[in-house]
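**Student:** Here is how the chains run, residue by residue.
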Amino acid sequence: MSTAGIRLIRLLLIAALIAVWEIYGRFFANSALVAPPSHVLMVLWPKIIGDPRVLRAVGLALFELATAFALAVVVGTVLGILIGLSELGRRSFYPFVLLLYAIPQVILLPLFVLLFGIGPAGKIAFGFSHGIFPIIVNTVAGMRNVNPVLVRGTEALGASRVAVIRYVILPHMVTTLFASMRLAMTMTLLGVILAELFVSTAGIGYFTQLFAESFAPAPLFALIGTLAVMAIILNELVRLAEARFTRWKD
Amino acid sequence: MVPRDRILVASIQGAVVATLLGAWYFSTHSSRLLSLFLPPPERVWSSFQVVAASGQLWAAAKVTLLTIAQAYLIAAVGGVLVGFLVARSDRLLKLFEPLLSGLFAIPLTMFFPLFILFFGLGPESKIAYGATYAFFPIALNTIAGFSSVDRLHVRAIRSMGANAFEQFRYVYFPAALPVTITGLRIGFFICIASVLGGETLASVTGVGRSIALSAELMETARMYAWIVSVVLVTLVLNLLVYAAESRLRRES
Amino acid sequence: MAGDAPIAVVIDRVSKTYPGRSAEQRVTALEAVSLSVRKGEFVCLLGPSGCGKSTLLGIIGGMLAPSTGTVTVNGTKVTGPQPRNIAFVFQESTLLPWYTVLENFQIALKLQGIGASAWRDRAMQALSSVGMEQFVNHYPNQLSVGMKQRINVARGICLGTDILLLDEPFAALDEQTRMVLGEDLSVLLARTGKTILFVTHSLSEAVFLADRIVVMTARPGRIKASIAVPEPHPRSPDFMLAPEFGALRNELYAVLRDEIRQTVAAMRQARDAGG
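Chains as they are written, first to last, in this note's numbering: chain A, 1 to 250; chain B, 1 to 252; chain C, 1 to 275.
Think of the hints as simulated: they come from the structure by calculation, not from any bench.
Watch out, some of these pointers could steer you wrong.
Once the Cα atoms are required to be at most 35 Å apart in a straight line, the calculated DSBU-like pairs of lysine-lysine come out as [stated by the list, open to error]:
hint, chain 1, residue 1, chain 2, residue 2
1, C, Lys-39, C, Lys-110
2, C, Lys-194, C, Lys-224
3, A, Lys-249, B, Lys-62
4, C, Lys-110, C, Lys-224
5, C, Lys-110, A, Lys-249
Note that the structure is a prediction, hence the values are computed from the model and not measured.
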């Protein structure tokens, strides 16, 4: 079956699911728990996009995400380079990184909020601590797998140590960085969302708790749907950036 | 690695750990302000003993462990089944695999409030949430495992007259096993993390709730006791699973 | 012709020993190798695997330091890479994959100290001489192995050095591509008058390309024989059909056979001893 045919069936499948959801939501479901898509769309404007408080909460979350992500990339790259610079350094310190990576970080969430407060700082910090690990792991790996033939070849052309770093190592590391960016973005987003949901006194956590506790499924669905769409768009943006910077990769 | 290098690495690592522990001890003993946020090690230890002796430790752990077990069972059975069925047909594969992997690319955490809405604050919401989250890597890996079986091997064993069951037993199953097990491992740790996360965010019982509660009540020593316990258990689990996987891999 | 041309490369009692971690792990790759190459000569280094021919080429090019002895190129002692005198072509492509072909050439020329105004012309000229000028803006990953190696050779040529060192550059290619590229190289030599040292495994390749074939012994590598090939460059493929070609090839084989046997026996011994 052709790709276009499959895509069509997939779209029909999704449309069918939405139809089922609509019928179930309208006629069969407990209206305190499930809202049909039509209701969700109806409240989307007034309660979510049109409500400045909600919009501000979402905007703030985006700001926290951007800050946490930028910090994770910069600090992660620097740490990764430092750890990966020498074989001894890597063998000594890399296990600590892996150890920390293996802990379910969510148990540290109350601690982060305790230390950084309930404002954006705690959420940025928590997102940062999630996003930094894939960057470090990939940077260390990148430093190990520089192709030695390329280094030797460039040295044979008369390149100094600086020139080798500029023409061989740096472009290689940039490629490695972009390979890990999508995962880092997803992890940072995870951290920020966890922190936001945890702090129920303001921000996204306030509204999710409000809608859930007052059994208002339509605005809750709408809010979550908005966040999901944002996440998908962000993922696509990072993927596009990656494609542009790795054009040379056949 | 040369034995001498190994000793050097071990000494560096030992020195780092010793320095951190020493810094913890001395800084919390010298600064009152710091000990509000980071209690001295012996207070964390005594809190742990109190929590363990009072039965709170086991009560919360029991809830969490049961939740994880149920969530993982659902995710594992569901994930492997769905993965296997989807991988059997090329059409189903092209239809569903992109949907699943696309969905998994979003942090499913943002759907957590829905689980609270549907299932309430009890363990059921965490079971459902954990099962949903862990389902994806298991299903996706199972799909990958079964769809990447070398056609050459299938043809070879068919030509030897094997029936469907024998084909599965001798070719499909062993070929798909490593990738599927990787998925089960990833799903396991995702299940643990999401159950703990759910308990921390919104729960009445469980280890996650205990951590959140002790933070709320500013009982920092107790909170650290809980955190350290979970960290130690998770690390041990990681080592066990890693060892088991290596053993399985070597034998297959 | 090369017969009375000045001496371009002098290799004087060069040896290379790798100490290893203990006395048993000590490896002598080369032992007291002495060789002179005249300007415009095409010399092939031929020998069994592990005989040290690539090591020797690396020492000549300044990539490795000899344990004893010296290498002198155009009167100057070699102590490191000399991009203005020596161009080195490796067995694998060393084109940087994240730059286009043109950018790769520009970097090479820049590192050599050539001014930016000359870059494009030199690059295009070199690429045309190997027939690759239409790929000037391609990325290496878009090209086949054969095309990449041609471009690597072109890059070596565009540097305009007197001396060109090639370390089994066509080893990864199929026989037919090798023959075609070998022909191109022969034409190039005749036209530019460069001094070329070429390492190879292949007897036919050596006879077809070289003015002189230097045969090396099994490890530790020493020079066993030096065989001249009197046919003038550029050589046509018909040369391969000539009786002199076959005779030279047989002579080479006779010289090499014992060395190859010895290498295989040593490998077997190492395998049985410790594995």
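**Student:** Hint by hint, say whether it matches the structure.
**Tutor:** These are the hints, each one checked on the structure:
no. : hint                    : in the structure
1   : C:Lys-39 <-> C:Lys-110  : holds (26 Å)
2   : C:Lys-194 <-> C:Lys-224 : holds (25 Å)
3   : A:Lys-249 <-> B:Lys-62  : violated (51 Å)
4   : C:Lys-110 <-> C:Lys-224 : violated (40 Å)
5   : C:Lys-110 <-> A:Lys-249 : holds (24 Å)
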